[in-house]
Amino acid sequence: MRRVTAIVVAALVGVVAVAAGALARERPAEMEQMAAASGALALSNSASGAAIITAHGLMPGEATTGEITLGNTGEAAGLLVLARTAITDTPGPYGGRLSDALTLVIEDVTAPATPREVFYGEVGGLERVALDALAGGGARTYRFTVEFPDTGPGGADNAYIGSAVRFDYEWRAEALPLPPAATPAPVPAPPGAGGGGGGEPPTGPSGETPNDPSKAPIIYLKIPRQRVIHTDAVRLYARCSSRCRVKFSGRAETAPRAKRATRRPLLRRGLFRGEQTKRRVGVKRQKLLKLKLTRRGRSTLRRQLDSKARVGVVIRARVKGRYGTRTVKRRIVLHTTLVRDGKRISGR
Amino acid sequence: MRRLLLVAAVSVLAIAALTMPASRANFASSSVTHANVAMDHTSRYLQLLSDAADTTTLTGYADKRNAIPLVRAATGADDALAVALGGYKNTNSTPIPRVLSLQARDPLPAGVASITVTATLLPDGASGKQPLTGATFGPLTGAGSSTSLTLAPGDKRWLNLSASMKGSAFPGNNLLYHPVVRITVRHAGYAGSFLSYDVPVSIWDGNGSGP
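Protein chains in written order, with my numbering: chain U, 1 to 348; chain G, 1 to 211.
Hints may contain errors.
Claimed, not checked - Using C-beta positions, here's what the derived DEER-type ranges look like:
1) G:189 x U:265: 55 to 65 angstroms
2) G:189 x U:223: 35 to 45 angstroms
3) G:147 x U:336: 45 to 55 angstroms
4) G:143 x U:227: 30 to 40 angstroms
5) U:89 x G:60: 39 to 49 angstroms
To be verified - Covered stretches of chain U (chain G as the covering partner; in silico rule of three or more C-beta atoms under 8 angstroms from a C-beta of chain G):
6) 57-68
7) 93-100
8) 159-166
9) 311-317
No lab work stands behind these hints, which were simulated from the structure alone.
Beta carbons are placed, not taken as given, at the ideal position from N, Cα and C, and that holds for glycine.
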């Protein structure tokens, strides 16, 4: 019996000894590098819990700005991400939702002499945008400019009288996974950035662009009314939230008037010329793009317009950026002749 | 004996597996912030008042024509002010004085010494017809009227309308028209048309006062 007890005690001592050894043992290389961030990635925010912008009594054509500085008080580099978490619209007496009308520009003004635009678009259009890598001890300053565009006389803006909106944002710094080398990867400084410790975020651990649609650039497409058959092309304006390359493709389908009717595909691919061509789209300015119809595409559209007077065109934009790809679709309907109030209106 | 050794070995492996990945690293950090934006509001500059909303002793507000019992044409205040003029079937241009009163805020917003107010008539949205023929501003007492006026803080005026429902455009077949009176406020720092009230008006082309 004593012998058995001694063996059990010896086994327990062994267990404790091995467990203690495991705690003190050196971790694998990758784990060790992540531990460089252990308790060390901490975000400081000059407006934490407060408002970046508080503007009352805004008028058409007016803009309001606010600045915020984000710092990484830790030692490890992190990728700074801005995400909108909520929109609270309070419509005015005439029912306008202000989030539909305001435009937002976010600029990196860490180097005030050379501000860098990182987002431009409708305020409601910002969902999540990956900004910059923030090195340990570094900081970046961003300027938010919210503008209510003046649409001119005629009372189009008057729906927004007395309306208000609140946007909630979350700033998040996520630890950048380090390459397997023992020394941490250097964070390159952005061109023109005078300091602050930030820089362009690197790609994934193995150098490839990670394919995460939520991190891909946001593309803004505007398709004005136009005469497509007359010009043999679809013209559209495009702009990205960060520099991107876009591949456009299109398909033709029926466009029945009944909302629940099934749309039948007429031409699944090859509607536009150069569908494999990547087009560069910038951040600062809308770019006018012309998607020329192929001969086959044109005849398909014409045939359908001749027989049914309506045809649908689905334009697919595949956006590729540093962090991933995103696919956006827009559908337009071409009419031969539209009769409204007894007047014949030709158009898209 | 072997069983004991086996149990001990399994225990060692389990403890080692639990302790090995126990990193308490902070791989993310976040903070929140927000933005508040509000557009300007006409009521910061000008009040529109009906008899019920007017707390002063001012009298003489217009009645809804042909209504039994008589009721005031205007109800509510500011954005919620609405005007029901009553029946004007087969009438030539008829003045409808003192439909509502308007008063400049006292004080006006900072930097605004006075405001200029104008009135524009918008036709009925459904038919495109315009039964209203004019809108003028008049003093609280005495005669005189103007199509635009400048108000200092606290100044108050009447809004007078005129209507006509004569001719083939208004056949008197019991239709209710909904024209709009747009009252626009401008000041030295702003010449646009954003600061405005759209006052909905209803006027009955039929017998009686209408709905």
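Hints, one by one, checked against the model:
no. : hint                              : verdict
1   : G:189 x U:265: 55 to 65 angstroms : 57 angstroms, holds
2   : G:189 x U:223: 35 to 45 angstroms : 38 angstroms, holds
3   : G:147 x U:336: 45 to 55 angstroms : 47 angstroms, holds
4   : G:143 x U:227: 30 to 40 angstroms : 59 angstroms, violated
5   : U:89 x G:60: 39 to 49 angstroms   : 41 angstroms, holds
6   : 57-68                             : holds (count 8)
7   : 93-100                            : holds (count 3)
8   : 159-166                           : holds (count 7)
9   : 311-317                           : violated (count 0)
Comparing the model with each earlier hint shows violations of hints 4 and 9; every other hint is respected.
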